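In order, the protein sequence lines correspond to chains S and A.
Sequential numbering of the first sequence, starting at 172, is according to my numbering.
Sequential numbering of the second sequence, starting at 441, is according to my numbering.
Be careful, since some hints might not be right.
Cross-link-like lysine to aspartate or glutamate pairs, in silico, EDC-like; alpha carbons within 16 Å at most [as the list claims (entries may be wrong)]:
(1) A:Lys484 with A:Asp525
(2) A:Lys544 with S:Asp339
(3) S:Lys342 with A:Glu548
(4) A:Lys524 with S:Asp227
(5) A:Lys544 with S:Asp341
(6) A:Lys544 with A:Glu483
(7) S:Lys241 with S:Glu280
(8) A:Lys500 with S:Asp339
(9) S:Lys360 with S:Asp239
(10) A:Lys484 with S:Asp341
(11) A:Lys484 with A:Asp521
(12) A:Lys550 with S:Asp339
(13) A:Lys524 with S:Asp202
(14) A:Lys500 with A:Glu548
(15) S:Lys241 with S:Asp359
(16) S:Lys241 with S:Glu284
(17) A:Lys484 with S:Asp202
(18) A:Lys500 with S:Glu337
(19) A:Lys500 with S:Asp341
(20) S:Lys241 with S:Glu385
(21) S:Lys342 with A:Glu483
(22) A:Lys544 with A:Asp494
(23) A:Lys469 with A:Asp521
(24) S:Lys292 with S:Asp321
(25) A:Lys469 with A:Glu483
(26) A:Lys550 with S:Glu337
Label pairs and their computed distance ranges (CB to CB) [what the hints assert, rightly or not]:
(27) S:Glu385 with A:Ile535: 52 to 58 Å
(28) A:Ile533 with S:Lys241: 56 to 62 Å
(29) S:Asp341 with A:Ser517: 24 to 30 Å
(30) A:Lys500 with S:Arg384: 36 to 42 Å
(31) A:Gly511 with S:Glu385: 55 to 61 Å
Source of the hints: derived by calculation from the structure; they are not laboratory data.
All values derive from a computational prediction rather than experimental measurement.
Even for Gly, the Cβ is constructed at its ideal location relative to N, Cα and C.
The chain contents come next:
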Amino acid sequence: MFFEVLTRLWLTAAALMTSQYVIAGPMGFNDSYMAMGDFNNHWRESFINYAITPRDALGVGATYMRADDKTKTRTLEEVIYTRLLQRWNLPHAQANVWFIGGVGALQGEDKQEGVHHDVSKVMITPGIQFDYETTRVYFAATHRFYRASDINHDFTSARAGFSFYETDYDKTQPWLIVEARNMNGLSDKVEVTPMLRLINKNFFVEAGVNNAREPRFNFMYIF
Amino acid sequence: MKKLSIVLLVSTVLFSQWAMAATQTIQAKVNGMVCAFCAQGIEKKMRGLSQTKDVYVNLKQRIVAVELKEGQTLPESTVKDLIKDAGYDVTAIEITDHPVAHIKAEIESKQGVK
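Next up, chain S with everything else stripped away, as it sits in the complex (with noise of 0.2 Å):
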């Protein structure tokens, strides 16, 4: 809905943008290392990332997309720096604002029309995060560049969910999460995915079907 044309592009910057959102912060506490996956039937994405410092970390991430008429594939390795920029801690809530960026090699194909064309470019990402959270409530809102001459796949996404109920620290708590995204052409669509996540000091996972009735699991480690 929000982007139409970039098939291509925009799924691998999506896939590596859902991944860094699944919770409050795309990163771990300092010298923490974040492991992430992203994994449905048009992409594949693993991430993992070390945080230099309270607000800043480093990391890389690999993605597979295809559009969602199989006429694009696309594979994005990346070097991605994230910084926190702005951080709310309230008495029962956290808000954040992040700086996501990258640079990598973007490499594809598009078959359309009888015609095969390689896609072989240089990829930048800056992108912003807003998020909101407390015990039971939850938002993110997102929006990302992708760009490379002559592509664009900018990706926006928005998150918001509740848990069903409050938890002690160290057991398990699950929430309804749904999100709404869109990769500028690479789908014409929005995929809208309602997830079960499950949330402990531990792990985090989420699994869910989205509105093309396709599965979805994401997952993020701290160590």
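Assemble chain A onto chain S, guided by the hints.
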């Protein structure tokens, strides 16, 4: 008189042992701590300290409690700095002689946790 002296001596020794073994727990009130997955950094940092015996985190009450090993001390500023490094703000901090288990039981009792 001899028995009294022995009792006093034993009592003194036992009391001094008890006093030396007295629990010291640093308890901080923390803003922004709403997600266990995100707040695990606080616990890991605290457990990484050589002085730490046990750690308790309660998101709803916004509490981080660090129980120290016997005879160990830890500056409050260290606790504040570690929590800040984990991405949160300390709004109040105090030292108590209650062990973490006691603090946890007390809070969970108030919350009605079974």
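Each hint, compared with the structure:
Simply put, Lys484 (chain A) and Asp525 (chain A) have alpha-carbon atoms about 12 Å apart, close enough for the 16 Å limit, and the pair holds. The straight-line distance between the Cα atoms of Lys544 (chain A) and Asp339 (chain S) is roughly 11 Å, inside the 16 Å bound, and the hint therefore holds. Under the criterion of a C-alpha separation no larger than 16 Å, the hint pairing Lys342 (chain S) with Glu548 (chain A) is consistent with the structure, at around 13 Å. Distance restraint check for Lys524 (chain A) and Asp227 (chain S): the Cα-Cα separation of roughly 14 Å lies within the 16 Å cut-off, and the hinted pair is therefore satisfied.
A distance of roughly 12 Å separates the Cα atoms of Lys544 (chain A) and Asp341 (chain S); the hinted pair therefore holds under the 16 Å criterion. Taken as a hint, the Lys544 (chain A) and Glu483 (chain A) pair is honoured in the structure, with Cα atoms around 15 Å apart against an allowance of 16 Å. Between Lys241 (chain S) and Glu280 (chain S), the direct Cα distance comes to roughly 10 Å. Compliance with the 16 Å bound is thereby established for this hinted pair. A threshold of 16 Å between alpha carbons decides the hint, and for Lys500 (chain A) with Asp339 (chain S) the separation of about 8 Å falls inside it, so the pair holds.
A threshold of 16 Å between alpha carbons decides the hint, and for Lys360 (chain S) with Asp239 (chain S) the separation of about 9 Å falls inside it, so the pair holds. Pair hint Lys484 (chain A) plus Asp341 (chain S) holds up; C-alpha atoms about 13 Å apart against a cutoff of 16 Å. For the suggested pair Lys484 (chain A) and Asp521 (chain A), the alpha carbons sit about 14 Å apart, so the restraint of at most 16 Å is met. Restraint check for Lys550 (chain A) and Asp339 (chain S): satisfied, since their Cα atoms lie roughly 13 Å apart, inside the 16 Å limit.
Taking the CA atoms of Lys524 (chain A) and Asp202 (chain S), the gap is near 13 Å; set against the 16 Å cutoff, the hint holds. Our distance criterion of 16 Å between C-alpha atoms is met by Lys500 (chain A) and Glu548 (chain A), whose separation comes to about 10 Å. Between Lys241 (chain S) and Asp359 (chain S) the alpha-carbon distance is near 13 Å, which keeps this suggested pair within the 16 Å criterion. Restraint check for Lys241 (chain S) and Glu284 (chain S): satisfied, since their Cα atoms lie roughly 13 Å apart, inside the 16 Å limit.
Between Lys484 (chain A) and Asp202 (chain S), the direct Cα distance comes to roughly 11 Å. Compliance with the 16 Å bound is thereby established for this hinted pair. Distance hint between Lys500 (chain A) and Glu337 (chain S) is fulfilled; the C-alpha atoms sit about 8 Å from each other, no more than 16 Å. About 12 Å separates the Cα atoms of Lys500 (chain A) and Asp341 (chain S), which keeps this hinted pair within 16 Å; it holds. Under the criterion of a C-alpha separation no larger than 16 Å, the hint pairing Lys241 (chain S) with Glu385 (chain S) is consistent with the structure, at around 14 Å.
Restraint check for Lys342 (chain S) and Glu483 (chain A): satisfied, since their Cα atoms lie roughly 14 Å apart, inside the 16 Å limit. At roughly 11 Å between alpha-carbon atoms, Lys544 (chain A) and Asp494 (chain A) fall within 16 Å of each other, so this suggested pair holds. A distance of roughly 13 Å separates the Cα atoms of Lys469 (chain A) and Asp521 (chain A); the hinted pair therefore holds under the 16 Å criterion. Note on Lys292 (chain S) and Asp321 (chain S): the hinted pairing holds, with a Cα-Cα distance of about 10 Å set against a maximum of 16 Å.
For the given pair, Lys469 (chain A) sits about 14 Å from Glu483 (chain A) by alpha-carbon distance, which is consistent with the 16 Å threshold. Taken as a hint, the Lys550 (chain A) and Glu337 (chain S) pair is honoured in the structure, with Cα atoms around 14 Å apart against an allowance of 16 Å. The hinted range of 52 to 58 Å is satisfied by Glu385 (chain S) and Ile535 (chain A), whose Cβ atoms lie roughly 54 Å apart. Here the CB-CB span from Ile533 (chain A) to Lys241 (chain S) is close to 58 Å, well matched to the stated 56 to 62 Å.
Between Asp341 (chain S) and Ser517 (chain A) the Cβ separation comes to about 27 Å, which falls inside the hinted range of 24 to 30 Å. Range check, Lys500 (chain A) to Arg384 (chain S): Cβ separation about 38 Å, and the 36 to 42 Å hint holds. At roughly 59 Å, the beta carbons of Gly511 (chain A) and Glu385 (chain S) sit within the given window of 55 to 61 Å.
Hint violations for this structure: none, all hints satisfied.
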